[in-house]
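Be aware that the sequence shown starts at 614, since it is given in our numbering, and climbs by one per residue.
Warning: the hint list may mix true and false statements.
[To be verified] Label pairs and their computed distance ranges (CB to CB):
1. 667 to 646: 23 to 29 angstroms
2. 662 to 641: 15 to 21 angstroms
3. 639 to 678: 28 to 34 angstroms
4. 641 to 678: 24 to 30 angstroms
Please keep in mind that the hints were generated in silico from the structure rather than gathered at the bench.
Where is the CB? At the ideal position from N, CA and C, for every residue including glycine.
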Amino acid sequence: MSTPSLSSPSCCPLCGGHNLCAMAAGRPPESCWCMTQPIAPAALAAVPEAQRGKACICPACGTPSSNTQQPFARPPGPASI
Numbered sequence: 614m615s616t617p618s619l620s621s622p623s624c625c626p627l628c629g630g631h632n633l634c635a636m637a638a639g640r641p642p643e644s645c646w647c648m649t650q651p652i653a654p655a656a657l658a659a660v661p662e663a664q665r666g667k668a669c670i671c672p673a674c675g676t677p678s679s680n681t682q683q684p685f686a687r688p689p690g691p692a693s694i
């Protein structure tokens with residue numbers, strides 16, 4: 614299986630992994646994991662502006678965590694180089 618690029622609609626903009634998005638896979642939106650699970654507001658806020666509306670976050674990054682640590686690792690961007 615190939616790894617998606619960060620610009621792919623099947624790639625999580627926070628961790629770079631597969632986002633398991635039903636719509637990106639050509640399935641009905643109501644079959645997506647995000648339609649039945651709560652999404653962490655902090656994860657939504659962390660999506661880079663340039664990638665908002667282009668790709669969904671993955672379940673690992675989007676599911677609210679019971680601990681206080683950030684549940685995702687943002688890929689390095691120009692500001693971190």
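Check your understanding: Taking 23 to 29 angstroms as the hint, is the beta-carbon distance of residue 667 and residue 646 inside that range?
Key -> 18 angstroms, violated
Point to revise | Outcome for the supplied range 28 to 34 angstroms, where the beta carbon pair is residue 639 and residue 678 | key: 30 angstroms Cβ-Cβ, so the 28 to 34 angstroms window holds.
Exercise for review: Confirm or reject the claim that residue 662 and residue 641 have a C-beta distance inside 15 to 21 angstroms.
Suggested key: With Cβ atoms ~28 angstroms apart, the hint is violated.
Check your understanding: Does the Cβ distance between residue 641 and residue 678 fall inside 24 to 30 angstroms?
Key -> 28 angstroms, holds
In terms of the numbered hints stated before, the structure departs from hints 1, 2, listed from lowest to highest.
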